Amino acid sequence: MEAITENIRREARRLLEEEAVDVVIGYQLGWDGVETVPAFVDQPAEVDKLVYNERCTHNLAKYLVGREGYLTSRFRPSDQAVRVALVALPATLRAVVALLREYQFDRADLTVLGIVDGTPVGLEPDVEVGRIEVDTAKEEQIRAQIDELDGMSLAERREWWRQQFSKCIRCYACRQVCPFCYCEQCIADENQPQWIERSPSLWNNMGWNLIRAYHLTGRCSDCGECDRVCPVGIPLRLINSRMLDEVEAAFAFVPGTDPEAEPALAAFQPDDTAGFIR
Amino acid sequence: MLSSNQVETLSASGGVDLSTWEPRIFAFLCNWCSYVGADLAGTSRLVYPATVRIIRLPCTGRVDPVFILRSFQRGADGVLVSGCHPGDCHYSKGNFYARRRMLMFRKLLEFAGIDPRRLQMSWVSASEGSKWAQVVTDVTNEVKALGPLRA
Numbered sequence: 001m002e003a004i005t006e007n008i009r010r011e012a013r014r015l016l017e018e019e020a021v022d023v024v025i026g027y028q029l030g031w032d033g034v035e036t037v038p039a040f041v042d043q044p045a046e047v048d049k050l051v052y053n054e055r056c057t058h059n060l061a062k063y064l065v066g067r068e069g070y071l072t073s074r075f076r077p078s079d080q081a082v083r084v085a086l087v088a089l090p091a092t093l094r095a096v097v098a099l100l101r102e103y104q105f106d107r108a109d110l111t112v113l114g115i116v117d118g119t120p121v122g123l124e125p126d127v128e129v130g131r132i133e134v135d136t137a138k139e140e141q142i143r144a145q146i147d148e149l150d151g152m153s154l155a156e157r158r159e160w161w162r163q164q165f166s167k168c169i170r171c172y173a174c175r176q177v178c179p180f181c182y183c184e185q186c187i188a189d190e191n192q193p194q195w196i197e198r199s200p201s202l203w204n205n206m207g208w209n210l211i212r213a214y215h216l217t218g219r220c221s222d223c224g225e226c227d228r229v230c231p232v233g234i235p236l237r238l239i240n241s242r243m244l245d246e247v248e249a250a251f252a253f254v255p256g257t258d259p260e261a262e263p264a265l266a267a268f269q270p271d272d273t274a275g276f277i278r
Numbered sequence: 001m002l003s004s005n006q007v008e009t010l011s012a013s014g015g016v017d018l019s020t021w022e023p024r025i026f027a028f029l030c031n032w033c034s035y036v037g038a039d040l041a042g043t044s045r046l047v048y049p050a051t052v053r054i055i056r057l058p059c060t061g062r063v064d065p066v067f068i069l070r071s072f073q074r075g076a077d078g079v080l081v082s083g084c085h086p087g088d089c090h091y092s093k094g095n096f097y098a099r100r101r102m103l104m105f106r107k108l109l110e111f112a113g114i115d116p117r118r119l120q121m122s123w124v125s126a127s128e129g130s131k132w133a134q135v136v137t138d139v140t141n142e143v144k145a146l147g148p149l150r151a
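Chains F and S, in that order, are what the protein sequence lines are. Sequential numbering of the first sequence, starting at 1, is according to my numbering. Sequential numbering of the second sequence, starting at 1, is according to my numbering.
Please note: incorrect hints may appear among the correct ones.
Capping the alpha-carbon separation at 25 Å, the derived lysine-lysine pairs in DSS-like fashion look like this [said to hold, decoys possible]:
{"hint": "1", "chain 1": "F", "residue 1": "K138", "chain 2": "F", "residue 2": "K167"}
{"hint": "2", "chain 1": "F", "residue 1": "K167", "chain 2": "S", "residue 2": "K93"}
{"hint": "3", "chain 1": "S", "residue 1": "K131", "chain 2": "S", "residue 2": "K93"}
{"hint": "4", "chain 1": "F", "residue 1": "K138", "chain 2": "S", "residue 2": "K107"}
If you're looking for bench data, these hints aren't it; they were derived computationally from the structure. Note that this is a predicted model, so its numbers are computed, not measured.
With the hints as constraints, model all of the structure from the sequences given.
Okay, structure coming up:
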């Protein structure tokens, strides 16, 4: 951990001093000195606030895209475009690959300070600042929960999700934290027509959560941030993981692992599975 | 007055009287094939269950899964998406995209505990009036067996 922190600081200082980038996006300690929060460093003198520890889980690719993203901001004239260095975990690397495939920004504007764990990511980090272990315990826990849900009948599963979704307060934290939710206007905010009603009734919550999951199908980088930020603890990662499995099974596609592959739902094969069609 | 037996049946089915209940099926049809096929079924005087409410779209590629969820919210017990046979799409590939979307959305519904058979898809060409009548009959029977989708 300390070695990774040192590497990040060294690379950040070098990039900022060489003026190779305008800002380094990484992690710093929060107000309590325990939690970590995103850091945006644009002065070489400030690089020592950058840290890395096991609490650094944020998917920082979020800050690249969207209306206020560093690389896609509408509020910045094109002659003031910024170059960004990004501290990227494996899931962040997958997100960057998928976002590049969605033509969100130019690879040349981004310097990737990668922290890798051996899982496939379709991107060679510009600088590898660290190597971490895969959290297999977490993966097994998710797998076990999905298996438990699969063992239920449809009615039981519906009841289980009904209880989860009925907790939703429609704060949209899951959307705000997700690097793939970069739409200028979210479908949940549209009101003419209002496809997804705002009041947190069960069906409305189900509508929101299922559409959110569907919009991530074939794109999700499996960082688990939606799950972590949910203030009422809806296990959103279960749905995302499940849809990742379905996409892989149906189309042999894993988002973010191949920079050339078309996103699963933005492509087709003439002989795709059609067993359910009359 | 309802007999206590009737009251029990009603409450077990969420306030729906199953003896007279008919499913409501929202059908999203493409303008070029299935809508014309359904029209042909009508002009040919074919008889099929009056359970479908047809919504005409330019192409099945226009079917956003949010339409389907919204249909379920607003009283549909089943949704039928129907378009041109593969290779016949007026826009060459809209139905190929729709096929992948419906496949994935069915998986999502299933994981959320909604029977995927409530979302059906069919290829019905402009000359297949009788196939349309058959599809509606089959889908109606299948959704009827599943019972009402209560909120």
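Status of each hint after checking the structure:
At most 25 Å may separate the alpha-carbon atoms for a hinted pair to count; K138 (chain F) and K167 (chain F) meet this at roughly 23 Å. Between the alpha carbons of K167 (chain F) and K93 (chain S) the distance comes to roughly 40 Å, so the proposed pair goes past 25 Å and is violated. Of the supplied pair hints, the one linking K131 (chain S) and K93 (chain S) holds, its CA atoms being roughly 22 Å apart against a limit of 25 Å. Simply put, K138 (chain F) and K107 (chain S) have alpha-carbon atoms about 24 Å apart, close enough for the 25 Å limit, and the pair holds.
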